[in-house]
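Assemble the complex: chain A is given as a structure, and chain B must be docked to it using the hints.
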Amino acid sequence: MTSVAEPIAGAPRTKTAAAAPAITLPAVSERELRLDLFRGLALWLIFLDHLPNNILAWLTIRNYGFSDATEIFIFISGYTAAFVYGRAMLQSGFVIASARIMRRVWQIYVAHVFLFTIFLAEVSYVAARFENPLYTEEMGIMDFLKQPDVTIIQALILRFRPVNMDVLPLYIVLMLFLPLILWLMKWRADVTLLLSAVLYAVTWHFDLYLSAYPNGAWFFNPMSWQLLFVFGAWCALGGANRMSRVMSSRLTLWICAAYLVFAFFVTLTWHFPQLGFLMPRWLEKWMYPISKTDLDVLRFAHFLALAAITVRLLPKDWPPLKSAWLRPLILCGQHSLEIFCLGVFLAFAGHFVLTEVSGNSPIMHFLVSLAGILIMSGMAWVISWYKRSADKDAKKGIGNADMAGGSL
Amino acid sequence: MKAAILGLILLGGLLAAAPLARAEEAPPACEVPAYLLNSDSTLGRVAAAVKSGKPLNVLVVGSRSSTIVSQDGSAYPAKLLAMLKEKLAQLNINLSVEIQIGKTAEESAATFVKLVETKNPTLVIWQTGTVDAIRGVDPDDFRSAVDEGITALQKAGVDVVLVNLQYSPRTETMTSVPPYLDTMRVVAQQHDIPLFDRFAIMRHWNDSGDFDLFSSTHGAELAKRVHACIGRALSKFVIDAAHLDHAQQN
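Here the protein sequences line up with chains A and B, keeping their order.
Just so we're aligned, residue 0 is where the first sequence starts under numbering that gives the first Met the number 0, counting upward by one.
Just so we're aligned, residue 0 is where the second sequence starts under numbering that gives the first Met the number 0, counting upward by one.
Honestly, I wouldn't trust all of these hints.
As the list claims (entries may be wrong) - Part of the chain B face toward chain A, derived, beta carbon under 7 Å:
(1) Ser64
(2) Arg134
(3) Val136
(4) Asp137
(5) Ser167
(6) Thr170
(7) Glu171
(8) Met173
(9) Ser175
(10) Pro177
(11) Leu180
(12) Asp181
(13) Val185
(14) Ser215
(15) Leu221
To be verified - In silico SDA-like pairs for lysine to any residue, Cα to Cα no more than 20 Å straight-line:
(16) Lys284(A) with Asp140(B)
(17) Lys284(A) with Thr150(B)
(18) Lys102(B) with Lys284(A)
(19) Lys284(A) with Asp191(B)
(20) Lys223(B) with Thr135(A)
(21) Lys102(B) with Trp182(A)
(22) Lys284(A) with Arg184(B)
(23) Lys223(B) with Pro213(A)
(24) Lys102(B) with Asp142(A)
(25) Lys284(A) with Thr110(B)
(26) Lys284(A) with His190(B)
(27) Lys102(B) with Gly215(A)
(28) Lys284(A) with Lys223(B)
(29) Lys284(A) with Asp39(B)
(30) Lys284(A) with Pro177(B)
(31) Lys284(A) with Ser38(B)
(32) Lys284(A) with Leu180(B)
(33) Lys145(A) with Ile100(B)
(34) Lys145(A) with Arg134(B)
(35) Lys118(B) with Lys284(A)
Just so you know, the hints here were simulated from the structure itself, not pulled from any lab data.
We put the beta carbon where it would ideally sit given N, CA and C, even for glycine.
Pulled out of the complex, with its shape left as it was, chain A reads as follows (with noise of 0.2 Å):
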């Protein structure tokens, strides 16, 4: 059995002198396969839990346990971004890590904006046309677009977010700070992941949050959810390395294990409510209402369990990882912003063509989820090849897009 917790590219820790940083970071060798398979495959599901009705839905996570996709997502983007920006701060410096930082942060705005217009779309298409005296109430949604002076100006600064368009804010919030998290990173990684931690209690304690137009909370309470991706950026930098002695052993095994069956049956009664009978009710006043907006315990436990049983199944040489079979999920995992935005759309587009063009019958869902996984792997690989020729081609010096007014 290989360790659970190598380090990203399975390098040895460097020795470090008394005054080096707290944090080590392995050398780069090759790609961690593993982070972009999980990341690929969270990508898939999040595009397929999103897409209502789904059949194929039965497949994702969600409906086996407490946690979801957007756990395995931030996580893993936590521990690319401490990995990537971690690497750029300790070789360049902190400004210019920073900064490195805020263009991804740009960049992850301008997505969501973009979405936000094809959202903005969709709905005026369906207000247009859709009146059914059985849903005046539920029209109501639409009316956002009486007032598009104040709605598209919250929307512009993230207040103001529709359903299914949660998560890149919450992405963006937390890629805001992770200059800060890194740097306290740099001085003490333990210390640091115990502040998230303490945020995380007091969030709950003081039940804070960050207020949404036009009125409630943000779906996705950044000041919770930060500890997942603090947590993935402690693993990168050494932390999954300090690990590795409690994550493999048995113990932890069975405990994740059990854990992650009582949560199964515990689920089992939400989606069968004649097997209802079986759960205590003193067990499901202590446990319900199970947050996703706060990230619940039960739900960060659950992800650790799920992470913790995956890293010891598969092997970080695990060979299906090299196969062609695997090859489209690794793809979307390594372009994960513009899969993840292009999933939301064909997400929008999928309902939309469910809904307004071919019918609602179980084949179209089948045949629209697919259609979107096979142009999210296209995409993806387009997306590779465009920048395996764009890099040869800046080596060679030609094309350089700085002349024809910078590049993105």
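Coordinates of chain B only, in the frame set by chain A:
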């Protein structure tokens, strides 16, 4: 251990399959599988009132989805009254409807004390959640609002039935409904009151082909038929939860 788990899974499968099998035999006219109309909670005050021969005053409090624009007589509260009168012919049943357009659960709950004073109901059927979902009210705030509303009603000596949101496939990508459904289920459990799962029932009708809820019809025909079916299912639900069918036999 393994055998026990296997047994549980098989049991689950059987339980899941049973209502499906029943639904297939029944005519496709908006039958509701039994498990969607089962409730562990009972309506004790309704049962007591009926037993002692008092009139049964039902008050429906709801937002716009408890009515059909300019067709009040065809909306589910009217159908509920008709069905109740039909099934419990010898009882004196009154029903009034309080439509609170655009009010959240919190705004609605604030009106309860006065409402109960003026209408003096035995049973309040509270339909809520839609306005909160549309406005994106924080689920925690929604939870305490529903909690307060139920507490106020129970303190006033009234039985409560909660009715949750409509299943609305066309707006599914625009509203986040699940947190509100979950919250209502939890609060109903905590107060031990019956929850009429309008959402699951309507989805069942849509999936089984009874109604095409995706339809963008402009007429009120579909709305009337759906409301008639909801009224019928709700009457069954209330009668079961108050054990009125047994009371009749005694």
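**Message:** Are any of the numbered hints broken by this structure? If so, which, sorted upward?
**Reply:** Hint check: 10, 11, 18, 21, 23, 25, 28 and 35 fail, others pass.
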